[in-house]
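Trainee: These are the residues of each chain, in order.
There are 2 protein chains.
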Amino acid sequence: MNILVTNDDGIDSPGIYALVHALREIATVYVVAPDRQQSAVGHALTVSTPLRATPFKRDNEFFGTAVDGTPADCVKLAFSSLLQDVKIDLVVSGINHGYNTAINVLYSGTVSAATEGMLLGVPSMAVSLGTFSWDADMKVAAKTAQYVASRYFELEIPKDTILNVNVPHLPEEQIKGIKITQQGHGEWIDKYEQRFDPQGKPYYWIRGVYNNLDGISYSDDVAVEQGYIAVTPITFKLTDVETMNKLKNLF
Amino acid sequence: MNILVTNDDGIDSPGIYALVHALREIATVYVVAPDRQQSAVGHALTVSTPLRATPFKRDNEFFGTAVDGTPADCVKLAFSSLLQDVKIDLVVSGINHGYNTAINVLYSGTVSAATEGMLLGVPSMAVSLGTFSWDADMKVAAKTAQYVASRYFELEIPKDTILNVNVPHLPEEQIKGIKITQQGHGEWIDKYEQRFDPQGKPYYWIRGVYNNLDGISYSDDVAVEQGYIAVTPITFKLTDVETMNKLKNLF
Numbered sequence: 029m030n031i032l033v034t035n036d037d038g039i040d041s042p043g044i045y046a047l048v049h050a051l052r053e054i055a056t057v058y059v060v061a062p063d064r065q066q067s068a069v070g071h072a073l074t075v076s077t078p079l080r081a082t083p084f085k086r087d088n089e090f091f092g093t094a095v096d097g098t099p100a101d102c103v104k105l106a107f108s109s110l111l112q113d114v115k116i117d118l119v120v121s122g123i124n125h126g127y128n129t130a131i132n133v134l135y136s137g138t139v140s141a142a143t144e145g146m147l148l149g150v151p152s153m154a155v156s157l158g159t160f161s162w163d164a165d166m167k168v169a170a171k172t173a174q175y176v177a178s179r180y181f182e183l184e185i186p187k188d189t190i191l192n193v194n195v196p197h198l199p200e201e202q203i204k205g206i207k208i209t210q211q212g213h214g215e216w217i218d219k220y221e222q223r224f225d226p227q228g229k230p231y232y233w234i235r236g237v238y239n240n241l242d243g244i245s246y247s248d249d250v251a252v253e254q255g256y257i258a259v260t261p262i263t264f265k266l267t268d269v270e271t272m273n274k275l276k277n278l279f
Numbered sequence: 029m030n031i032l033v034t035n036d037d038g039i040d041s042p043g044i045y046a047l048v049h050a051l052r053e054i055a056t057v058y059v060v061a062p063d064r065q066q067s068a069v070g071h072a073l074t075v076s077t078p079l080r081a082t083p084f085k086r087d088n089e090f091f092g093t094a095v096d097g098t099p100a101d102c103v104k105l106a107f108s109s110l111l112q113d114v115k116i117d118l119v120v121s122g123i124n125h126g127y128n129t130a131i132n133v134l135y136s137g138t139v140s141a142a143t144e145g146m147l148l149g150v151p152s153m154a155v156s157l158g159t160f161s162w163d164a165d166m167k168v169a170a171k172t173a174q175y176v177a178s179r180y181f182e183l184e185i186p187k188d189t190i191l192n193v194n195v196p197h198l199p200e201e202q203i204k205g206i207k208i209t210q211q212g213h214g215e216w217i218d219k220y221e222q223r224f225d226p227q228g229k230p231y232y233w234i235r236g237v238y239n240n241l242d243g244i245s246y247s248d249d250v251a252v253e254q255g256y257i258a259v260t261p262i263t264f265k266l267t268d269v270e271t272m273n274k275l276k277n278l279f
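Chains as they are written, first to last, in the working numbering: chain A, 29 to 279; chain B, 29 to 279.
Just chain A, same shape as in the assembly (with noise of 0.2 Å):
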């Protein structure tokens, strides 16, 4: 097995590192990511600027190549050009510091990692761990995408589907188990923090709090925060039937 491993914290962050030593294991591993953090950066692409693509090293063991793009942009460059010769068999994306459940998804530079891939008829999956220390302990989330890669074929998972998963950072034998989960429903409440700089000019930081909406047990935000590693199937076929079936009616 032919395994793309990419992320949006920059090809140099933990995240990624201990994900590729733990796919080793099962497959040969191929590293495409971006050269700096990229989070929150959506599936943004890279289309008035051109993209470089430079080689990257790691106390002589870990190798890869670094993109000055974002995710979805390594996905397509690894596709096209760089790895073109080489038939992959898997995206994981990952682990990403930080959840990517709900509506995070939507913002998430780590999920479009892997939408890009499944957008370009490859099997694809996103990883990401409940906390923002760079210090972290990755032991739980590195075995957990090992394992749900390694069993990812005989799941059968559609094609226009890819599998998101998220795992809270716990010992390992605090972890009730793995859920299968649905996209949790909440909303970000902004706050807007204004400063003023030395020139007495303003400027605005983002601080928000995230607000659950539906408190069910199978929602993949809910789920994490009681200790269970979350496997959501997501799919983007964002044509809202009904609504469209009604307004046929209407024009």
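Hints listed in this document are in silico derivations from the structure and should not be mistaken for laboratory results.
It is possible that some hints are incorrect.
It does not matter which identical chain is meant; a pair holds if it fits inside one copy or across any two.
What the hints assert, rightly or not - Keeping only pairs whose Cα atoms sit at most 27 Å apart, straight-line, the calculated BS3-like set for lysine-lysine is:
| hint | residue 1 | residue 2 |
| --- | --- | --- |
| 1 | LYS171 | LYS274 |
| 2 | LYS204 | LYS167 |
| 3 | LYS229 | LYS265 |
| 4 | LYS276 | LYS171 |
| 5 | LYS276 | LYS265 |
| 6 | LYS219 | LYS115 |
| 7 | LYS219 | LYS187 |
Given chain A, put chain B in place with the hints provided.
Mentor: Only chain B this time, still in chain A's reference frame:
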């Protein structure tokens, strides 16, 4: 009616200018838009740097606020800070230069601004015109935006859904009418063009060819090619429920 207008081509683009003038005939219009081109940014948010908001004026009759961020940033900052004392009834994003149909919806900053409005609980729509020409005739698109906005509340669009409007770049008499559509199914066949800089180092320009895969006449990408204005209700409930139910037996 109070309308917030934003876009992804920048506050000084012809599309937003035409849109604002058309919507002023039916509403009080507020403009908060990116200070520069933000195409293909998807649903990106600015989280690692603060935002600046600067008053913008054009021809002494077009007023707004320019933000050095993405379309989604503009909507969030408008609601939580810049326009917190105004009750906005509708968010209209556009008029984009270039269609946002089929999978392009995922990459679109224009659509993401409308999505962000919806996530914040406000009825929202996106409008795009099928040309990249900066001096395109915006009349039909502006008139369409005005027409759909004026009927928006009568249509009883669910609160999780936005309207995605795509207008062919044709003289009005050649437009065949409005068609209610679904999101088309297609793919980008990517080709990155490799070039070499004066130092001999490679860089890559994205170039893609879009390929429709369904050929269904009520798909948005097909309808616009046939000369119809496409109105697609889209929603972001991403769970693949069928696969979720199947996987529950496998874990």
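Trainee: Which holds for LYS276 with LYS265 at a C-alpha limit of 27 Å: within a copy, between copies, both or neither?
Mentor: both (19 Å within a copy, 22 Å between copies)
Trainee: Using 27 Å as the alpha carbon limit, work out where LYS204 and LYS167 are close: within a copy, between copies, both or neither.
Mentor: Close inside one copy (16 Å), not across copies (59 Å); limit 27 Å.
Trainee: Can you give me the call for LYS219 and LYS115, within, between, both or neither, at a CA distance of at most 27 Å?
Mentor: Answer is between: at 17 Å across copies they meet the 27 Å cutoff, but 46 Å inside does not.
Trainee: Given identical chains, is LYS171 near LYS274, meaning Cα to Cα at most 27 Å, within a copy, between copies, both, or neither?
Mentor: Between copies only: 23 Å across, 47 Å inside.
Trainee: Tell me, please, which holds for LYS229 and LYS265 at an alpha-carbon limit of 27 Å: within, between, both or neither?
Mentor: Neither way: LYS229 and LYS265 sit 44 Å apart in one copy and 40 Å across, limit 27 Å.
Trainee: My question is about LYS276 and LYS171: at a cut-off of 27 Å on alpha-carbon distance, are they close within one copy, between copies, both, or neither?
Mentor: Classified as between; 20 Å across copies, 49 Å inside a copy.
Trainee: At most 27 Å between CA atoms: does that hold for LYS219 and LYS187 within a copy, between copies, both, or neither?
Mentor: Answer is between; shortest inter-copy Cα gap is 22 Å, intra-copy 39 Å.
In terms of the numbered hints stated before, the structure departs from hint 3 and from no other.
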